[in-house]
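Participant: Chain by chain, the residues:
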Amino acid sequence: MATGTITGTAARSSVDLGVPQVDRSHERLYWVLADCWNVVRRDLLHYRRLPVLILWRLGFPMVSVLLYGFVFGSAMRVPGGGDYREFLMPGMFASTMAFGFMNTATAVVTDTARGVTDRFRSMPMSSSAVCSGRGLADLTVAVAELAILALTALAIGWRSDGGLVDTVAAFGLLLLLRFSLIWVGVWCGLVVPNEEAAGGLYAVVFPLTMISSVFVAPSLMPAWLAPVAAWNPVSSTVQATRELFGNPGAGGGTWVEQHAVLMAVVWPLVITAVFLPLAVRRFQRLSR
Amino acid sequence: MNDRGGPAVCAEGLRKRYGGTNALDGLDLHIPRGTVHGLLGPNGAGKTTAVRALATLLRFEGGRALVAGLDVARDPHGVRRRIGLAGQYAALDEGLTGRQNLELFGRLFRLGGRRARLRAAELLEHFGLADAGGKGVAEYSGGMRRRLDLAASLILAPDVLFLDEPTTGLDPRARGEVWDTVRTLVSEGTTVLLTTQYLDEADRLATRVTVIDRGRAIADDTPEGLKNRVGGDRIEVVVAEAEDLGRVAGIVARVAGPGAGPETDEEGRRVHAPVSDRVTALTEVARTLRDERIRVEDIGLRRPSLDDVFLRLTGHRAEVA
Ligand SMILES: Nc1ncnc2c1ncn2[C@@H]1O[C@H](COP(=O)(O)OP(=O)(O)OP(=O)(O)O)[C@@H](O)[C@H]1O
Ligand SMILES: [Mg+2]
Chain A
1 MATGTITGTA ARSSVDLGVP QVDRSHERLY WVLADCWNVV RRDLLHYRRL
51 PVLILWRLGF PMVSVLLYGF VFGSAMRVPG GGDYREFLMP GMFASTMAFG
101 FMNTATAVVT DTARGVTDRF RSMPMSSSAV CSGRGLADLT VAVAELAILA
151 LTALAIGWRS DGGLVDTVAA FGLLLLLRFS LIWVGVWCGL VVPNEEAAGG
201 LYAVVFPLTM ISSVFVAPSL MPAWLAPVAA WNPVSSTVQA TRELFGNPGA
251 GGGTWVEQHA VLMAVVWPLV ITAVFLPLAV RRFQRLSR
Chain B
1001 MNDRGGPAVC AEGLRKRYGG TNALDGLDLH IPRGTVHGLL GPNGAGKTTA
1051 VRALATLLRF EGGRALVAGL DVARDPHGVR RRIGLAGQYA ALDEGLTGRQ
1101 NLELFGRLFR LGGRRARLRA AELLEHFGLA DAGGKGVAEY SGGMRRRLDL
1151 AASLILAPDV LFLDEPTTGL DPRARGEVWD TVRTLVSEGT TVLLTTQYLD
1201 EADRLATRVT VIDRGRAIAD DTPEGLKNRV GGDRIEVVVA EAEDLGRVAG
1251 IVARVAGPGA GPETDEEGRR VHAPVSDRVT ALTEVARTLR DERIRVEDIG
1301 LRRPSLDDVF LRLTGHRAEV A
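For the protein sequence lines, the chains are A and B, in the order given.
Heads up: the first sequence at position 222 corresponds to 222 in our numbering, and the numbers run straight through without jumps.
Heads up, our numbering is the position in the second sequence plus 1000, with the first residue counted as 1.
Derived from the structure by calculation, the hints contain no laboratory data.
Careful: at least some of the hints might be erroneous.
Stated by the list, open to error - Now the stretches of chain B that chain A is said to cover, found in silico as 3 or more residues with beta-carbon under 8 Å:
1. 1047 to 1058
2. 1089 to 1096
Stated by the list, open to error - If you only want the chain A side, here are some residues facing chain B, beta carbon under 8 Å, derived:
3. R42
4. L45
5. H46
6. R49
7. R114
8. V116
9. R119
10. R121
11. M123
12. M125
13. S128
14. R288
Think of the CB as a built atom: it goes at the ideal place given N, C-alpha and C, for glycine as much as any other residue.
Go ahead and model the full structure; you've got the sequences and the hints to work with.
Facilitator: As structure tokens, then:
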């Protein structure tokens, strides 16, 4: 290795360490967007370097599809009748979006714990890009996840009986849920002290996705649990997408189930309205 | 590079509290351009807090700081354009290669894609990482990470470079490499603020050293000056039998520097004293001990450590935080 040490490089270094020119030929807004894109790009590079990462992320929903769809599927009942696997797929889509929150939280806590966030903050970049870039990257990955999951679903016989507009709207609602959870993830990632502790967040997300209409209709749950499951924001997205896809199990006896599409918009907006400012404030508090 | 005159760093009365602790308790710092300034202190002295405050990462509650002529509190963005920071732990993206890391930071320094690529290549080359540039950082050794981290802090060729314990945990070779880089940078006009727990490191690199304790500067001097205050090198003898301590103290006293008698540490069966002529003192004491047939477990010369500086300046041992 010709340059194994720094010793002896002094003569060259005036060339090596010359001042690079900062590009100042653009407007402020251009740089805010460029910074954001570079943060997104960085995240996408992770997947280019290690494409199996996305398969890891899909491991849980895929295993669930197999377990619930094929192992327990025959024993599962769908209210109003219908194929359980058709019933299950919208649940899988939505729970993948919900679990995506863990990816955000983990990425944020890793950057903060390893000092990358501080490095960003010590640089003359737009500080909003740190969070907005994170969010945009996660949404992009969510689109890829949904695409792969939908193809898998098609392969095992799932179909959307809704029209094109309804089908697109359903995927839109799924991404809206993911969008709102980005801010919960950023906030959690900034609140938990380290990467190990972030793993503990599974204990929160897991019941959140289980106590919902993802696997079983709330009407089949014990009376005390049913309303909890029905009012779970994840359930609203699940029920709304079942409705829009024309899959079995849509609707239900309660108000919240009957207004699933509305609630699938309201819940994410409420979550965003609460957690976006919390996340931003927490980020600003890093300088405390 | 920068036409503003005046010091590279000028901090007055910096204050920062964490709960009940004063992490910074009225810290003053004055660093002329083109010098290496050491910030020396034990664990918990406030070194990292000081660096973070000056590097715009931490809002301080009191005092004023100018870095590269700009007010840290009022114009953090301007300050960020002129500084480089390598924190106490390497701040790198483990999921990317070394090259991708430097390119990412270059792009975020707003160099644009092409120049960020060129800059990354230059820096990898300079830091002897050209061959490892395509490897994931997760596979890097501690020394390689440090070098990459240092490279990342030099992307904009900063006016002022903050290095927080840049050599802690490095082997002697890697440490020497970091020292060489710092010297090169300074010869090109960069000002370096370097925190360290090692007097030795400050001694080799720094023009001046500020010793801090509990968030306050307790001394500001040249490394020579500091060492002279503690009396320079010391001779140290550890005896096998505690009853010989008195005789050994007598022997050591003969070679000890003027006005600084030997100190005896009963528990460690140790006698030590400052000396001026190292080699003569050592041979002298060794010969006398042999002649008098005193059984000795260890004998040697010791450079003053941070502990000694501390003891002398504060009258108390550094507390382990
Ligand atoms: N985020 C924080 N929250 C609470 N206390 C803190 C925080 N950061 C630092 N402190 C306290 O402030 C004091 C100074 O800490 P600092 O990290 O600046 O010391 P240091 O000189 O860098 O030590 P070390 O050599 O261990 O790196 C310590 O008492 C520490 O416990
Ligand atoms: Mg520190």
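Participant: Next step is simple, just say for each hint if it's right about the structure.
Facilitator: Hints and how they fare:
{"no.": "1", "hint": "1047 to 1058", "in the structure": "holds (count 5)"}
{"no.": "2", "hint": "1089 to 1096", "in the structure": "holds (count 8)"}
{"no.": "3", "hint": "R42", "in the structure": "5 Å, holds"}
{"no.": "4", "hint": "L45", "in the structure": "6 Å, holds"}
{"no.": "5", "hint": "H46", "in the structure": "4 Å, holds"}
{"no.": "6", "hint": "R49", "in the structure": "7 Å, holds"}
{"no.": "7", "hint": "R114", "in the structure": "6 Å, holds"}
{"no.": "8", "hint": "V116", "in the structure": "5 Å, holds"}
{"no.": "9", "hint": "R119", "in the structure": "4 Å, holds"}
{"no.": "10", "hint": "R121", "in the structure": "6 Å, holds"}
{"no.": "11", "hint": "M123", "in the structure": "6 Å, holds"}
{"no.": "12", "hint": "M125", "in the structure": "5 Å, holds"}
{"no.": "13", "hint": "S128", "in the structure": "13 Å, violated"}
{"no.": "14", "hint": "R288", "in the structure": "7 Å, holds"}
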